[in-house]
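Asks: One-letter residues, chain by chain:
Protein chains: 2
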Amino acid sequence: MFQRIEDFHDWLGEQERSHSFRVRLAPLDELAGWSSHPELGTIRHSSGRFFSIDGLTVGTGHGPTRSWAQPIIVQPESGILGILVKRFGGVPHFLLQAKMEPGNVRPVQLSPTVQATRSNYTRVHGGKPVPYLEYFQAPRQGRMIADVLQSEQGSWFLHKRNRNMLVEVTGDVPVLPGFCWLTGDQIGELMLIDNLINMDTRTVLSGFPSPKRQEPSPGDDAAAMSWFTEAKERRTLTRKQIPLNEVKGWLRSPERISHELDRYFSVIGVTVEIDNREVTGWDQPMIAPCERGIVAFLARRAPSAGGTQDDGELQLLVQVETQAGTLDVVEIAPTVQCAPGNYDADRKPPFLDHVLSAPASRRLLDVVYSEEGGRLYHAENRYLIVEVGDDFPDHAGEDFLWMDAERLAGFGHYGNHVNVEARSLMACLRFLDLSRKGGTRR
Amino acid sequence: MFQRIEDFHDWLGEQERSHSFRVRLAPLDELAGWSSHPELGTIRHSSGRFFSIDGLTVGTGHGPTRSWAQPIIVQPESGILGILVKRFGGVPHFLLQAKMEPGNVRPVQLSPTVQATRSNYTRVHGGKPVPYLEYFQAPRQGRMIADVLQSEQGSWFLHKRNRNMLVEVTGDVPVLPGFCWLTGDQIGELMLIDNLINMDTRTVLSGFPSPKRQEPSPGDDAAAMSWFTEAKERRTLTRKQIPLNEVKGWLRSPERISHELDRYFSVIGVTVEIDNREVTGWDQPMIAPCERGIVAFLARRAPSAGGTQDDGELQLLVQVETQAGTLDVVEIAPTVQCAPGNYDADRKPPFLDHVLSAPASRRLLDVVYSEEGGRLYHAENRYLIVEVGDDFPDHAGEDFLWMDAERLAGFGHYGNHVNVEARSLMACLRFLDLSRKGGTRR
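Chains as they are written, first to last, in my numbering: chain A, 940 to 1381; chain B, 940 to 1381.
Keep in mind that the hints were calculated from the coordinates and are not lab data. Mixed in with the good hints there might be a few duds.
One side of the interface only, derived from the structure: several residues of chain B facing chain A at Cβ under 10 Å [unchecked claim]: (1) Glu945; (2) His948; (3) Ile1019; (4) Arg1082; (5) Trp1166.
To be clear about the criterion: a stretch of chain A counts as covered by chain B if any three or more of its residues have a C-beta under 8 Å from a C-beta of chain B, and this derived list gives those stretches [claimed, not checked]: (6) 1079–1089; (7) 1159–1165; (8) 1168–1180; (9) 1348–1361.
No farther apart than 20 Å at their CA atoms in a straight line, the calculated lysine to aspartate or glutamate pairs in the DMTMM-like style are these [unchecked claim]: (10) Lys1025/A - Asp1214/B; (11) Lys1187/B - Glu1199/B; (12) Lys1025/B - Asp1111/B; (13) Lys1025/A - Glu1107/A; (14) Lys1179/B - Glu1337/A; (15) Lys1067/B - Asp1159/B; (16) Lys1025/B - Asp1159/A; (17) Lys1179/B - Asp1267/B; (18) Lys1179/A - Asp1267/B; (19) Lys1067/A - Glu1185/A; (20) Lys1067/B - Asp1214/B; (21) Lys1287/B - Glu1337/B; (22) Lys1179/A - Glu1016/B; (23) Lys1287/A - Glu1337/A; (24) Lys1187/A - Glu1172/A; (25) Lys1025/A - Glu953/A; (26) Lys1067/A - Asp1267/A; (27) Lys1179/B - Glu1016/A.
All C-beta atoms in this analysis are idealised placements derived from N, C-alpha and C, irrespective of residue type, glycine included.
Build the full structure now, drawing on both the sequences and the hints.
Replies: Here is the structure:
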């Protein structure tokens, strides 16, 4: 445990210095252990495990682009993302791990206690045992705080999801090298630092129950669910896996697969050398987005019973979003979630300009986070929460809804309702004191 | 409105007498408007709408039968099941409809205010407008009580679901011929009658909020969700649509498709003549189960804070169930749900004997209901709730869990968590006073 946050940074610096880590780009066609099907093009590992990269055609009944084809990561098995919780002096502490991942811009980030695919923890690749796994597999000791299958990026993964777990224990827990206990306040402080709290930690922490646990009124509850149900009915999503070689609009070279307009992302290869993971080196394909994205909630305070806005419930403008890999037509997403360069100037997503032009005084949060560093290469998003003025409309179209933050957390307790980008922002809301206007570091 | 329930029965008798209705079996290969693909065998309507009957292979990683092939109904579009609610003298009344359906044993049953597939209400087949539809389609008046996509029988339908809606209005509602207002108490009384409240009414009513609205403690909440999540992880479900002609173990004649052991169900054809529906007659294929099934909850009272069992929360022994058409690996199902004749004597489902041998004094509910009469022919289940003795075990294996009835209702507010058979029993729990031991009619 760290008395001062400076002590944490000293510890993290030691972690970063004590391990060597090297990631080099490598031609997609020369990755050890990986091969492409000679006719279909599908990229697979020789063991048949881990994941594959295949082609997908997508048809949706809405939006400016109603159908397209793209490469996509297919990873049918789900893993465990688990954080161990223990109270010291009554204060919950979270056991996090300083972990290197090949796709990270800042190589070492704070990951969950356990972050393991099924291939990892069943040790298909013959690595070391996953530490602390026993706390998250039956028969478990400890009290389950949360345990739910949650989706990951639908733009890049087909139906991928991981089990998000929070387990509270009371007995002694040995702290292994590379692990540390942090309080919620400390995590909140570290969340203001770019690229430090990794995606898996953020999604798990988004499920840590709020002490408020205010239940929404039955009416609001039903109205929010109805909005979500109606979107599922209004939209369609048809998909078909196709050979990677038949994905139209994408160009394949021995080095990489890229979109013909240099938009969206590329499929690249990397060679990893590392000395503190289960294995010491490997090759793998990765998805590399073309640019940093924007993920933002517009926020407002609902008028309180007293009639003033300052102490009312925080409300977020949520939208329904359909992506290539979404399991069930739509999920609830942030107000804005996009890579701006993917859109022509006359087709910018709604509210993007509003978010980008907001003065600092309205930005309750403004920080850059990495997405999952095990499959995604230098995938960063700028995460913002932007307060709107009183003149902002109540109704922003059928795809949008002002929703109490607590109601959104309620949806988050069930899987496949709230997407991973929204859950990242919810973790910030849960662990940061956002009432400090302009209190972020930018 | 009916002052006495006898008045309702008089009204229903009039409804039954005032309409002619005839259903005859017809050879599958001679249904007007329907044809089979010459090579694949798939049965489709000439319009391409409504539904089709196709083949499916199913692989599961558990249970005595781990893989099989079967015919299945494919109905990608979902419809609206909506019940209008209005308070008269402060008491909620529900607008139900006396509706004939071709598959019903008792032809006229009480259906929701609106029970319409998308083909129905968009009038693909050129029928009459669907009455009261405007209350359930945007822009709506009234207050949304519930609105969620719910699954239907996974044994017979692939991913079928319908939108379950309850809308409360305050203004005048004209009562059209064939419709009536019933109170919750009256519906409870009618639920004790065999084959009167249809499946669609039951599933919609299961979502009517309990006045208790007791929220489960966060710990119980997480434990129940964890059990459900773990089952999704433990089990696998792989499926592939195949040509109906290639379904192994099933025999096709010009008349019907049946299993070689005469188990499960047959696909048959019917010719319908009717004078009060959107159209006056049609042919269609239907699924006809081989025998009446058993659907049952084992139930107990949790010890209350005062230490006595009589006033504790009602708990139900729920199980996770994987069926051919289940959208997401498992759903929460009743303790027992089976057609006994489908099993060899040495492989009977758990607790079936317990349910069937329970004395009348332990049967809190015992009634026969029809399943959906638009696609299923004479599909009946005997629905039971059976109280267990004090010596019944707390732990009944990893696929079972004792769950507070209120917690189960919480899962029911989200789609694809609780299956349609369990929701039928939940509707009984919601509308019947089950504290009257042995108060049912058998």
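Asks: Taking the hints in turn, state whether each one holds.
Replies: The hints, checked one at a time:
no., hint, result
1, Glu945, "violated, 34 Å"
2, His948, "violated, 33 Å"
3, Ile1019, "holds, 9 Å"
4, Arg1082, "holds, 6 Å"
5, Trp1166, "holds, 9 Å"
6, 1079–1089, "holds (count 7)"
7, 1159–1165, "holds (count 5)"
8, 1168–1180, "holds (count 4)"
9, 1348–1361, "holds (count 5)"
10, Lys1025/A - Asp1214/B, "violated, 68 Å"
11, Lys1187/B - Glu1199/B, "holds, 9 Å"
12, Lys1025/B - Asp1111/B, "holds, 9 Å"
13, Lys1025/A - Glu1107/A, "holds, 6 Å"
14, Lys1179/B - Glu1337/A, "violated, 35 Å"
15, Lys1067/B - Asp1159/B, "violated, 49 Å"
16, Lys1025/B - Asp1159/A, "holds, 19 Å"
17, Lys1179/B - Asp1267/B, "holds, 14 Å"
18, Lys1179/A - Asp1267/B, "holds, 18 Å"
19, Lys1067/A - Glu1185/A, "violated, 39 Å"
20, Lys1067/B - Asp1214/B, "holds, 12 Å"
21, Lys1287/B - Glu1337/B, "holds, 18 Å"
22, Lys1179/A - Glu1016/B, "holds, 18 Å"
23, Lys1287/A - Glu1337/A, "holds, 18 Å"
24, Lys1187/A - Glu1172/A, "violated, 29 Å"
25, Lys1025/A - Glu953/A, "violated, 25 Å"
26, Lys1067/A - Asp1267/A, "violated, 36 Å"
27, Lys1179/B - Glu1016/A, "holds, 18 Å"
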